[in-house]
Amino acid sequence: MDKVVEKVVAGDVRSVARLIRDIDDGIPEVRESLKGLYPYTGNAYVIGITGAPGVGKSTLVDQMLSHIRKKDKTVGVLAVDPTSPFSGGAILGDRVRMQRHSMDSGVFIRSLATRGHFGGLTQSTRSAIDVLDAMGKDYIIVETVGVGQDEVDVVKTAHTTVIVVIPGMGDDIQAIKAGILETGDIFLINKADREGTDKTMSDLRLMIEMDQRKYEGGKWKPPILKTESIIDRGVVEFLEEVEKHKKYLTETTEGLELRKSKGKVREELGEMVKNRLIQEVLSKLTETGEFDGAVQAIVEGKTDPYSACDALVLPRLGLHTG
Amino acid sequence: MKQKRKVRVMVAKPGLDGHDRGARIIARAYRDAGFEVVYTGLHQTPEEIVEAAIQEDVDMIGLSSLAGAHKYLFPRTVELLREKGADDIVVCGGGIVPDEDIEMLKEIGIKKIFTPGTTLEEIVKWVEENVKPR
Ligand SMILES: Nc1nc2c(ncn2[C@@H]2O[C@H](COP(=O)(O)OP(=O)(O)OP(=O)(O)O)[C@@H](O)[C@H]2O)c(=O)[nH]1
Ligand SMILES: [Mg+2]
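Residue numbers (this note's numbering), protein chains in the order written: chain P, 1 to 322; chain Z, 1 to 134.
There's no promise every hint is true.
Chain Z stretches covered by chain P per the calculated footprint, using a threshold of three residues with CB under 8 Å from any CB of chain P [claimed, not checked]:
id, stretch
1, 50 to 62
2, 104 to 111
3, 115 to 123
Some chain P residues near chain Z, calculated using beta-carbon distances under 7 Å [to be verified]:
id, residue
4, Gln99
5, Gly106
6, Arg110
Below 25 Å or equal to it, Euclidean Cα-Cα: the simulated PhoX-like pairs (lysine-lysine) are [stated by the list, open to error]:
id, chain 1, residue 1, chain 2, residue 2
7, P, Lys274, Z, Lys112
8, P, Lys3, Z, Lys84
9, Z, Lys84, P, Lys35
10, P, Lys7, Z, Lys84
11, Z, Lys6, P, Lys284
12, Z, Lys4, P, Lys284
13, P, Lys7, Z, Lys125
14, Z, Lys84, Z, Lys125
Don't read these hints as lab results, they were simulated from the structure.
C-beta atoms are modelled at their ideal positions from N, C-alpha and C, and glycine is treated no differently.
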């Protein structure tokens with residue numbers, strides 16, 4: 001067995017940390033390790049937490065960690081923060097709220113930046129989930145800021161997708177509903193100590209009923225719960241809903257289909273193929289200078305982008321230009 | 001598409017003194033230089049810092065401290081990294097450190113001490129030159 005695979009499966013923290021780094025940095029060799037790890041995956045339960053900046057996601061995750069650990073289950077956390085489009089750097093601050101768990105060997109916390117590289121956030125986060133899964137974590141929690149499509153796609157990967165809002169976000173809910181609302185399995189109104197909680201509750205309920213297509217006619221009706229994660233209020237009840245949803249997924253045929261459906265596999269594999277193709281083709285074209293050559297030719301008016309694209313891509317795929 | 005490794009650094013604030021404005025400012029400067037900065041917050045013990053640094057796979061830990069914490073907390077951090085076989089992670093520190101202590105800290109393996117008056121540009125430049133993704 002691959003050395004890395006062996007160490008990750010044995011739960012070696014440094015190897016896990018390093019492998020996630022290699023995934024993030026797009027090191028090609030990780031593919032072999034991921035292939036080797038795949039047979040060890042499929043045991044962890046993945047919870048995705050998303051919501052606007054500052055709604056209290058990390059505070060919630062921190063409390064979840066305490067409760068899950070009390071049941072002697074182990075947890076991996078992937079906390080994703082946005083990369084600055086200007087510098088490519090990022091401040092990864094979610095850990096601040098969870099730091100009290102850093103000495104607990106049953107908890108592994110990793111901060112990730114969105115980066116926006118080819119292959120995308122979704123792909124690298126999925127691979128990181130596989131690593132934590134193979135490491136033996138019972139639960140994996142993924143936190144993302146629910147703004148971009150990428151971040152939404154990431155939490156869609158989860159078994160249970162949780163959407164966090166705060167009171168008085170009426171218009172904002174309108175704004176996010178397109179991409180996000182229909183992906184939610186559980187909704188939380190956090191900071192329920194604030195004014196406007198009931199109004200937000202009824203707004204949200206209305207919108208979910210209008211928008212939810214995923215479970216149309218199904219047995220799972222996404223619950224809306226009030227929480228105050230800062231004082232741990234409502235968190236136990238929330239986790240009970242997660243367990244209910246988990247049970248629903250594992251016990252009903254309808255649920256099982258959602259989780260392992262051909263549709264889902266098709267979607268994921270499709271993305272993987274697409275990303276890989278782009279990666280392979282574009283890097284070859286860049287290496288050989290063909291890409292820059294085509295740019296130059298277009299700029300000089302010697303060809304048009306359509307013909308240039310055909311000339312670049314088709315031969316790579318074993319096809320001939322028209 | 002081959003991607004260059006990104007520098008990851010951790011900004012940590014050991015010890016008991018109260019605010020983290022300095023740490024936040026330096027974190028922002030690192031971000032603007034293109035680094036990924038893991039921020040861990042106030043009142044960290046060396047044990048917590050080292051554990052976080054390993055999980056986060058950072059290339060450097062920047063410790064900042066105002067209240068003389070360097071005498072125990074800085075060396076302890078280096079010692080723990082060595083114990084865990086993670087002493088390839090560069091450690092540097094910032095804060096009010098008397099000249100006579102700087103030598104001592106360098107001897108035990110703190111790569112660099114930034115004393116008050118060092119500009120952000122100088123700090124970033126030092127990191128760019130001395131910390132490479134491992
Ligand atoms: N009043 C109140 N404040 C809360 C509650 N939960 C969290 N907060 C506060 O909200 C602020 C943001 O909390 P975080 O947990 O960092 O929020 P987040 O959603 O993870 O933020 P980002 O990761 O930056 O998007 C902190 O100051 C928390 O203390 C709550 O239930 N009530
Ligand atoms: Mg957060």
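Handout entry: Hint check against the structure, violated hint numbers in rising order
Key = 2, 3, 5, 7, 9, 13, 14
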